[in-house]
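**Q** Start from the sequences and build out the full structure, keeping to the hints where you can.
For the protein sequence lines, the chains are A and B, in the order given.
Each residue of the first sequence is one higher than the last, beginning at 1 in the numbering used here.
Each residue of the second sequence is one higher than the last, beginning at 1001 in the numbering used here.
For the record, the hints were derived by calculation from the structure and aren't laboratory data.
Treat the hints with caution; some may be incorrect.
Stated by the list, open to error - The calculated lysine-lysine pairs, modelled on DSSO-like cross-linking and capped at a C-alpha distance of 27 Å, are:
{"#": "1", "chain 1": "A", "residue 1": "Lys-202", "chain 2": "B", "residue 2": "Lys-1042"}
{"#": "2", "chain 1": "A", "residue 1": "Lys-306", "chain 2": "A", "residue 2": "Lys-341"}
{"#": "3", "chain 1": "A", "residue 1": "Lys-306", "chain 2": "A", "residue 2": "Lys-344"}
{"#": "4", "chain 1": "A", "residue 1": "Lys-344", "chain 2": "A", "residue 2": "Lys-315"}
{"#": "5", "chain 1": "A", "residue 1": "Lys-202", "chain 2": "A", "residue 2": "Lys-315"}
{"#": "6", "chain 1": "B", "residue 1": "Lys-1037", "chain 2": "A", "residue 2": "Lys-206"}
{"#": "7", "chain 1": "A", "residue 1": "Lys-315", "chain 2": "B", "residue 2": "Lys-1037"}
{"#": "8", "chain 1": "A", "residue 1": "Lys-202", "chain 2": "B", "residue 2": "Lys-1037"}
{"#": "9", "chain 1": "A", "residue 1": "Lys-280", "chain 2": "A", "residue 2": "Lys-315"}
{"#": "10", "chain 1": "B", "residue 1": "Lys-1042", "chain 2": "A", "residue 2": "Lys-206"}
Please read all numbers here as calculations on a predicted model, not as lab measurements.
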Amino acid sequence: MVEAIMNGLSGLVAGFVHLHWSNPIMFVIGGVLLYLGIKKGYEPLLLVPIGFGCILVNIPLADLMGKEGFLRTIYDAGVMTELFPLLIFIGIGAMTDFTPLLQNPMTFMLGAAGQFGIFLTLALALLLGFPQLDAVSVGIIGACDGPTAIYVTSQFAPHLLGAVSVAAYSYMSLVPLIQPPIMRMLTTRKEREIRMSNEGLKPVSKTTKILFPIVMTIAGGMIAPMGLPLIGTIMLGNLMKESGAVARLTNASQNEIANIVTLLLGISIGATMDGRMFLKGQTLIILALGFLAICLDTVCGVLFGKLMNLMSGGKFNPLIGAAGISAFPMSARVVQREGQKWNKKNHLLMHAMGANAGGQVGSVMAAAVMLSILRGMGII
Amino acid sequence: MQQMDNFTFGVTVLIVGMGGTILTLWIMSLIMTLLMKVFPYKEEEQSK
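**A** Written out as structure tokens, the structure reads:
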């Protein structure tokens, strides 16, 4: 009888007995993510489920990522199949207005320059000894685009998914803090004060807006077929929005589908943050490289902006180059705010929105180009 | 899977990746410019 009671009691304390040293640390990390999401408002839609998923998976014996665990089921169904990031892309496409980009197609080039951090970080990761496909996944943090980072990492380095996606989403939310010092460092006061008018921006016809996603899908898919799922889904969402013919599907993509998938994606990512796998020196290196990737994106974007300034005879404000990343529309707002700090009458928002929309497509295209190169080299 | 040394891999991805991205987006910007020219904005069409 006493033995039975003792056995019963031991069942109640088993969780404490099996607690690994890394688990309490991960509770704290999960708590920090929850704090950033709830209290600071940094990407709460993702950081809250990620933080909670992180806590869930670190409770011993529950085995939520085991063969029968519910987190494993969600992870296998949506992340391993790459379905979740693609569904999110349909929502992003349905929410994005490419009009500022169509009004000034040259800003697309800033969206290309804003992706250079991907390739530079990849090279650095290789120098630090990461295996090739791991380096690709680390570099992709520089896309500054969560779903793209998850899409690529889940294919080539699923063991890095937790670190890569946490880095991608955390730094994306920190763009307003990361970018301004770099923008100031690389530009002169005179350059920052350059006023840009919106007068030259022509209105865009509905036909062009409808044809844009179709033509981009065909052109992008032909050049980089390996990235077609990424390009195709974002453009499908945009076509639904611009056509106005499927308002119900557009609304569902912007709201219900995006919300449900965001929740499931977030909790799945959190579930990859098992302390025994996550708390390694490598994770810290990935977080540092991810930070560097986003800094390099901004550096390359602003430097390209300076080149455009030179080519335009000093009429182009190089701050706009910083918006060539995928953090939409956060980065464009940072440029607008920074521009106004130096010249109260300056309204860079529409131009920055063009570069930012270019960065959105640019990040997807950069990932697509990279996948196609890897396929071409026989690496994948 | 083909084995390639890290240096060759890194330099190739760096050059072809950056060049490929910029070339692709340049082509896309040309297509967009063309679309804007072929289908210019007409006020009466937008209100249909």
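**Q** Need the list of violated hint numbers for this structure, in ascending order.
**A** 9
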